[in-house]
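Visitor: The residues making up each chain are set out below.
There are 2 protein chains.
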Amino acid sequence: MHSPGNVSVQDRPDPTIEKPTDAIIRIAATCVCGSDLWPYRGANDVDNAPMGHEYVGYVQEVGADVRTVKVGDFVVGSFMASDNTCEICKAGYQSRCVHVVGMGGVGTQAEYARIPWADGTLVATPEPPAEDLIPSYLAASDVLGTGWFAADAAQVRPGKTVAVVGDGAVGLLGVLAAQQMGAERIIAMSRHADRQALAREFGATDIVAERGDEGVAAIREMTGGLGAHSVIEAVGTQESMMQAVRSTRAGGHVGFVGVSHDVELPGNKLFYSAVHLHGGPAPVRRFLPDLMDRIANRMIDPGKVFDMRIPLEQAADAYRAMDQREAIKVLLTV
Amino acid sequence: MHSPGNVSVQDRPDPTIEKPTDAIIRIAATCVCGSDLWPYRGANDVDNAPMGHEYVGYVQEVGADVRTVKVGDFVVGSFMASDNTCEICKAGYQSRCVHVVGMGGVGTQAEYARIPWADGTLVATPEPPAEDLIPSYLAASDVLGTGWFAADAAQVRPGKTVAVVGDGAVGLLGVLAAQQMGAERIIAMSRHADRQALAREFGATDIVAERGDEGVAAIREMTGGLGAHSVIEAVGTQESMMQAVRSTRAGGHVGFVGVSHDVELPGNKLFYSAVHLHGGPAPVRRFLPDLMDRIANRMIDPGKVFDMRIPLEQAADAYRAMDQREAIKVLLTV
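Order-wise, the sequence lines are chains A and B. Residue numbers for the first sequence follow my numbering, so the first one is -14 and each next one is one higher. Residue numbers for the second sequence follow my numbering, so the first one is -14 and each next one is one higher.
Since the hints were derived computationally from the structure, they do not count as laboratory data. From a predicted model like this one, the values you see are computed outputs, not experimental measurements. Be aware that a few hints might be false.
When chains are identical, the list treats them as one kind, so a pair holds in a single copy or across two.
Derived pair list, reagent style DSSO-like, types lysine-lysine, alpha-carbon separation capped at 30 Å [as the list claims (entries may be wrong)]:
{"hint": "1", "residue 1": "K145", "residue 2": "K4"}
{"hint": "2", "residue 1": "K145", "residue 2": "K55"}
{"hint": "3", "residue 1": "K145", "residue 2": "K75"}
{"hint": "4", "residue 1": "K55", "residue 2": "K75"}
{"hint": "5", "residue 1": "K55", "residue 2": "K4"}
{"hint": "6", "residue 1": "K4", "residue 2": "K289"}
{"hint": "7", "residue 1": "K55", "residue 2": "K254"}
{"hint": "8", "residue 1": "K254", "residue 2": "K289"}
{"hint": "9", "residue 1": "K289", "residue 2": "K145"}
{"hint": "10", "residue 1": "K75", "residue 2": "K4"}
{"hint": "11", "residue 1": "K75", "residue 2": "K254"}
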């Protein structure tokens, strides 16, 4: 991305092993993330940056210290590379590993990528997957793992009522996660017919089209005036955060994964809400083995969030389509 | 309290049973709360308000529907009256009961008080307590219960490192709670020698006198650069909240119980901190039976936070002493 709104595909040198813990992968599929739209729209600075942090692919080469993946393996990795051995990783927060490397800086919208901390970051499938499962594995790399973390952070449990603020890929996969975790009622907040339909397919039992005060009132009315037990926030704005907090009952849980932009949470509102608040960059690596099993067993089909598929060479069109909301999420074939 | 800084003790009509779920108690002891200092100092509006929300006493009269306490019982109640039967109460958030009544509006710095929802609010001792235990039971009514909730919200567990921001009665009793919950290391943040001494008596293993950036740096240095597992926030200012968040490791837990004043939490800092945040008005009622057992068995002595004791008639002196930090907490004998 040269500057906001200006994306092109160019030749760059092939990546090479820099540290003995690195692996080089040949990327099979990658995609554009909702968070890539922040710089595209000028909300974050950008200056000739490599782009992309979601990826699946085949191991091409490994450093001398790599033990758990080997050349030829099909692998899925998190958008944050982690050693998976430090105290923070062991506690399940690999996205805040003491040696974390953000894959956005590496740039996985590419043919090849260097993966730092390969053993701690990548998970291999037992054998190369069926072609039709590749979109789902790609979703696991970020949006599924992030929606799953949000549902986990919101303590979704069997019998609970869950509300989901945000109908992008992460919000929709938050719905799927809540369904898998046994929620009794899942209320998707969405104003777009196509996204409402996918939310229902993923397990939403109710749709609320209202936002802000009216959205909060609708959720409260549906929950005996109390609010939802668990609320997933997958946008990252002031309005969406307060909508999430205010839609949650006292003692309930908000899981927030929308990357915060210009959000200031009023302390007194948070205090008297008595909710639990937890979120941040999702530790996708914590959930990857489980998610990959569910995908392999065809228990879930998160790849459905990709409603457009085009070659990597046309990445600029992918950004445009997502920016214009012509697509929920675009898969780039490599 | 007539206006900021202006407190007097006056005759008011004796309270009477207004609803069949009420009880009237003859107050044995009451006290001044740190939160009473906000209006005293002009931070909250006040206009001839009855004051006080902490109390222990003897049941004088009960309404027709009261079943669990009887005339003559020695009782402890929370600073928030609750029915203890609604869905929110059953989930352990009695301070946000759908029928909640704040006892501050009733005013328990008095000889008698009407307690709404007596069955859901009051807990009786099996027999009248020894005189020397009364301060500890009084502490259970708010500051002990609040410090306990903060430690619970911060998920203090055996083997964990806990930091406590704030050295008022609640912070000090947060130290005691953390000790009872089996924390391995308890770092009290305090600049006052008398409070440091009491913190150590309650179980603090370390003292950090620095605040703000320096305080955060000290906690990080003591925890291998990671931050504490659990942090108790018991002040309620912007500085103390951010000190708490920044002293907590990724994936760790902040329990905040200082009543928020002019706090705005930056969303992006909270997002990247990856901490859990939970707090609010403590559901003291959830913890009362356990806390009262520990007091009866002399396992804990939270009454030590009262370092001054004067008759109710001299309440104005109690406010002055706490405002001037001449006393940590003043017990008013009735």
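Visitor: Given a CA cutoff of 30 Å, do K254 and K289 count as a within-copy pair, a between-copy pair, both, or neither?
Guide: neither (37 Å within a copy, 33 Å between copies)
Visitor: Could you figure out if K145 and K75 sit no more than 30 Å apart (CA to CA) within one copy, between two copies, both or neither?
Guide: both (28 Å within a copy, 15 Å between copies)
Visitor: At most 30 Å between alpha carbons: which applies to K75 and K254, within, between, both or neither?
Guide: between (33 Å within a copy, 23 Å between copies)
Visitor: Go through the copies and call it for K145 and K55: within, between, both or neither, with a Cα cutoff of 30 Å.
Guide: Close neither inside one copy (42 Å) nor across copies (38 Å); limit 30 Å.
Visitor: Between copies, within a copy, both or neither: which fits K4 and K289 at Cα up to 30 Å?
Guide: neither (36 Å within a copy, 58 Å between copies)
Visitor: Could you figure out if K75 and K4 sit no more than 30 Å apart (CA to CA) within one copy, between two copies, both or neither?
Guide: So K75 and K4 pass the 30 Å test inside one copy only (23 Å; across, 55 Å).
Visitor: Since the copies are identical, ignore which copy is meant and state whether K55 and K254 lie within 30 Å (CA to CA) inside a copy, between copies, both or neither.
Guide: Intra 51 Å, inter 38 Å, cutoff 30 Å: neither.
Visitor: Quick one: K55 to K75, C-alpha cut-off 30 Å, is that within a copy, between copies, both, or neither?
Guide: within (23 Å within a copy, 53 Å between copies)
Visitor: One pair to classify: K55 and K4, alpha carbons no more than 30 Å apart. Within, between, both, or neither?
Guide: For K55 and K4, only the intra-copy Cα distance (16 Å) is at most 30 Å; the inter-copy one is 74 Å.
Visitor: Between copies, within a copy, both or neither: which fits K289 and K145 at Cα up to 30 Å?
Guide: Close inside one copy (25 Å), not across copies (42 Å); limit 30 Å.
Visitor: Is it within, between, both, or neither for K145 and K4, if the alpha carbons may be no more than 30 Å apart?
Guide: Answer is neither: 46 Å inside a copy and 35 Å across each miss the 30 Å cutoff.
Hint violations for this structure: numbers 1, 2, 6, 7, 8, all remaining hints satisfied.
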